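Engineer: Okay, here's what each chain looks like letter by letter:
Number of protein chains: 2
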Amino acid sequence: MKKTLLFITFLFTAFTLKAQDSLMIRKFFDEALVNGQCYENLRYLCKNIGPRLSGSEGAQKSVVWSKKLMDGYGFDKVYLQEVMVPHWVRGAKEQGYIIDGKTRIPVAIAALGMSVATPKEGITANVVEVQSLKELETLGESVIKGKIVFFNRAFDPRFIETGQAYGTAGDQRFAGPAAAAKYGAAGVIVRSLTEALDNYPHTGATGYDPKGNNIPAAAISTIAANKLSSMLKLRKLPLIKFYFKQSCQHLPDVKSYNVVGEITGTQYPNKFITVGGHLDSWDLAEGAHDDGTGVMQSAEILRIFKATGYRPKNSVRAVFFMNEENGHKGGLKYAELAATNKEEHIAAIETDEGGFTPRGFSFEGVSGSFLKEVNQNWKKLLEPYEVDRLVAGGGGTDIGPLKEAVPSIILIGFRPDSQRYFDIHHTPNDVFENVNKRELELGAGSIAALIYLIDQHGL
Amino acid sequence: MKKTLLFITFLFTAFTLKAQDSLMIRKFFDEALVNGQCYENLRYLCKNIGPRLSGSEGAQKSVVWSKKLMDGYGFDKVYLQEVMVPHWVRGAKEQGYIIDGKTRIPVAIAALGMSVATPKEGITANVVEVQSLKELETLGESVIKGKIVFFNRAFDPRFIETGQAYGTAGDQRFAGPAAAAKYGAAGVIVRSLTEALDNYPHTGATGYDPKGNNIPAAAISTIAANKLSSMLKLRKLPLIKFYFKQSCQHLPDVKSYNVVGEITGTQYPNKFITVGGHLDSWDLAEGAHDDGTGVMQSAEILRIFKATGYRPKNSVRAVFFMNEENGHKGGLKYAELAATNKEEHIAAIETDEGGFTPRGFSFEGVSGSFLKEVNQNWKKLLEPYEVDRLVAGGGGTDIGPLKEAVPSIILIGFRPDSQRYFDIHHTPNDVFENVNKRELELGAGSIAALIYLIDQHGL
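In the order they appear, the protein sequences are chains P and E. Each residue of the first sequence is one higher than the last, beginning at 0 in numbering that gives the first Met the number 0. Each residue of the second sequence is one higher than the last, beginning at 0 in numbering that gives the first Met the number 0.
Possibly wrong hints are sitting among the right ones.
Mimicking SDA-like on lysine to any residue, the simulated pairs with C-alpha atoms at most 20 Å apart in a straight line are [claimed, not checked]: (1) E/Lys26 <-> P/Ile159; (2) E/Lys119 <-> E/Tyr96; (3) E/Lys378 <-> P/Ala391; (4) P/Lys144 <-> P/Ile159; (5) E/Lys26 <-> P/Gln266; (6) E/Lys379 <-> P/Ile104; (7) E/Lys210 <-> E/Phe173; (8) P/Lys371 <-> E/Asp387; (9) P/Lys181 <-> P/Asn213; (10) E/Lys378 <-> P/Asn213; (11) P/Lys379 <-> E/Gln375; (12) P/Lys371 <-> E/Pro383; (13) P/Lys378 <-> E/Trp377; (14) P/Lys379 <-> E/Glu134; (15) P/Lys26 <-> E/Lys210; (16) E/Lys46 <-> P/Leu196; (17) E/Lys379 <-> P/Glu160; (18) E/Lys379 <-> P/Gln375; (19) P/Lys371 <-> E/Gln375; (20) P/Lys226 <-> P/Ile104.
Hints are computed from structural coordinates only; laboratory data are not their basis. Everything numeric in this text was worked out from a predicted model, so none of it was measured.
Could you put the whole structure together from the sequences, leaning on the hints where they help?
Structural biologist: What follows is the structure in C-alpha cells.
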C-alpha cells in the first residue's frame, strides 16, 4: 500500500515536473517570438558596426557596444576578459587573372585569412590542379616547384548536412598552402568551400607550418575554379598561367576582449552553464550568420530568462568570444581563466552554425547511453518546437578548450538547418538581409529551453 | 526447431528488406543531389515562362512546356486532362491612398484574386478597422454601411509552424469581403497574410457569397496596415479616409489542363500513387515556391526512379494540377476522373508548401495507431535525411477531393520548413532566386523515398 502510494507520488511529481517544464519552455518561446530583441540587436551589430575582424576598429567597437548592450539588460555581472589577438589585414583588393596566351581573364579571388602577401608585382606561374593533399604528395617537388597549386576538390553534395561537406573539403584551405610550400610551390589558390556555384571568393583562415615557408594563398570563386579547371583540361600546361596579387599583412598582436554577461545562480552560483558565439567576423561582410546571430542569441537567452522571471539555480553565462576566425584566442582565454579560477562548469553550448531554423543539438564525446537518456528525458519536450534532434557530434571551436580545463563539462553544439550556411559563409554576402527574424528567434528559444532543462535536471 | 528456423528466416528477411530499403533511399537522394534536374527546370519555368495564373498565356505555355518536359523524360504515359478554369485578370496596377485631410499617402495594395473592380473613379470612404469577422458582426450594418472595412488581425507569431498562423488569420481574406458585403460595406482591405513587416501586398483568392453582393477587396502591405491603424488610432473617424482603385475583371472560363506523367506499375498497373503540386501561380511573380517547386519536384521523382532503375510495383503519377490558386478546378477534375474511371488509389502526396528544407510528412485523418505504425516502420529510414517528422495533419488542396472519390486513399502533405514561406507567398518576391538548390533537391529525394516505401510496403 505504502509502496503504491510512493509510486503514485513519484509518478505525480514526475508528471507535474514535466508539465512545469513544458510551460516554462512555452514561455521562453513566446518571449522570443513575441518580444524578441535579438533581430534588432543583430541589425545594429551588422549595420552600425559591420565587419569585426580581430584587431580591427570594428572588433573594438563591437566589444564596447556588446558590453553596453548587456549592461543595459541589467544582467547580474557584465565584464570583459582581456586577450591578445592576431591582427591580420587584407590590404588592397586582390587581383587574379587566368592568363591564356595574350588574354587575361579576371577572376574573383580573396586572400585566405592569415596568408602572406605576394611580391608587390604579384605572382605569375603555371598552374598544377590537384584534388587532394594526397595527390600533391604523389606529384612531389619535381612537378610542384615554382608553380601555383590549385586545390579544386568540390564539396560532396551527397552529405545531408553541409557541415560534413565542409569538414571533408576543408583540409585544402586549412592545410593546403602549408603542404604546397613544402614542395616549393610559388603560391596556392583554393576552390571556395561551398557547394554553391557563385562568383564570390569564400575566405577563411589557413594555417602555416611554423617551421615551413609561408607562401601566399587565396580562395577562388567556384565559378572561376570551374572555368580555370576546364581551361586547363582543354589547353594543358604550359599555355595556361595564373596571376595573383595580394598585399595582406600581419601587424603586431593587439589587446582585445571576450564579453561576458552572467545571471548568477540562486543555488549554485559557482557552477556554470555557458552559451556563446563569436563576436569577431571576417572582414568581407557584416558577419551576420557568422556569427552575429550566435552572439545576439546568447544575450537574448539571458534576456528571456529575466523577462520571464526565470532565476536559474546555476549561473548562466553568455560569452561573446573574440578571435574565433583566425586564432581562437578568446576560446583559449576563457578556458584558461576557468582553470585558473577553478570554476565548476556543467555544460557549454556554442551557437556558430548560422541563425537558421533550429533542428537540434549535438553532444560531444558522450556515450550512447547518455544520449539515449537525454532523448528519453527531453526529446518530447523539444518536439513541439521541432528542435528535437539530439545527436552525437561536435560542440564548437570556442568552447572546445573547456574540455581540457574542466574535464567533467559536457560540450554541446546548437544545430540549425545547414542547407544555406555555406552559400554565404565567409563571403561579402554574409549580411543582415540574409537572416530571417523568426528563424533567429526560434534558435534563441531553443537554446533557452535546453539551458533550462540542464539547469533544472542536470546532465 | 522448425519454428525457430522460421523465426530466424523472418528476422533475416526483415533485416534484409530494411537494408535494401535503406540502400534504395540513399540512391534516390544521391541522384537528387548529384544529378538533380529540378532546379534547372524550375529556373526555366520561372524565367522563361513566368507568372501562370489560370487562363493566362503563361499558364497555357506552362502546360505545353510541362508535357514536353515529361515526354522528354520518357515516362510511360504523359497526357493532359482537360479542365475549364476561371479567367480572372488583375487589370491596371492598383492604387491606394490613406487620405488625411488634404494629404494623400500612397500605400501598397493589390486586388485579392477573384475580386471585382472598383468603379472607374475608385472608392473613397471612411475606414472601420476590425480584428475579426466576429467584431464585424458586433458592429453591424449601422457602423459598416458605406465604409471600407479594414481587416487588420496580425499573424500570431507564437505558432511554431507558420501555416498555422496563416490558417488562423486567413478567414479575413477568404471570407472577410463576403461578410462585410452583408452589412453594406463599400469595399474591403485586408492586412497581408504574413508575419513579415514588408511593403509587398500579399494577394490571394477571396470567396464571395454566390447570393450576396460582390464588393471590391484588396490586400494591403503589413507596413501600410500598421501605418493606417496607427493613424486611425491617433485621428479617429471621420478624419482618415481611404481610397482605392482597381480594374480587375472576370472573363469567360477557358479550357486548360492538368499535366500528368506516369510510370506504370510492374505488378499493379491499375493501382496509383500520386504526387503533385500546382502549375498555376499568382500573376504578381514567378510562382517559384508557390508552386513551381512542387511541380518540378513531382516530375523529378519519376525521373529519379527511372535514373536509378527503380520500377515501382504500383503506378506512380506526377500530376501538375491547374487552378489551385483561384478555383481548385484541376484538383476537382483529377478526382472526378479517378471516380469515373474507377481507379484504385493507394495514396496521394501533395507538395505545395514551398521548396524549403524537408522536415517530414503529415497524414490526413488517420488514426493514432496508423501513425504509430508508420513511425515504427519508417521513421528510422528517414532519419538520416532529417525528414522524419511523420505527424497527423492536412494533405493539400489539390488532392483533397480524391478522398470523396476514392475513400480508401491516404492523403499526405509534404512538410518542408515553414519559416520563410509566408514572407514571399503571393508577392512579387516569389521568384527563382529565393529557392535554394539543395533544399529543393532534398525535398524531391524525400518524397521519392516515401513513395518507394508506400510502393514496397503499402499503407
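Engineer: Need the list of violated hint numbers for this structure, in ascending order.
Structural biologist: Those not satisfied are hints 4, 5, 6, 10, 14, 15.
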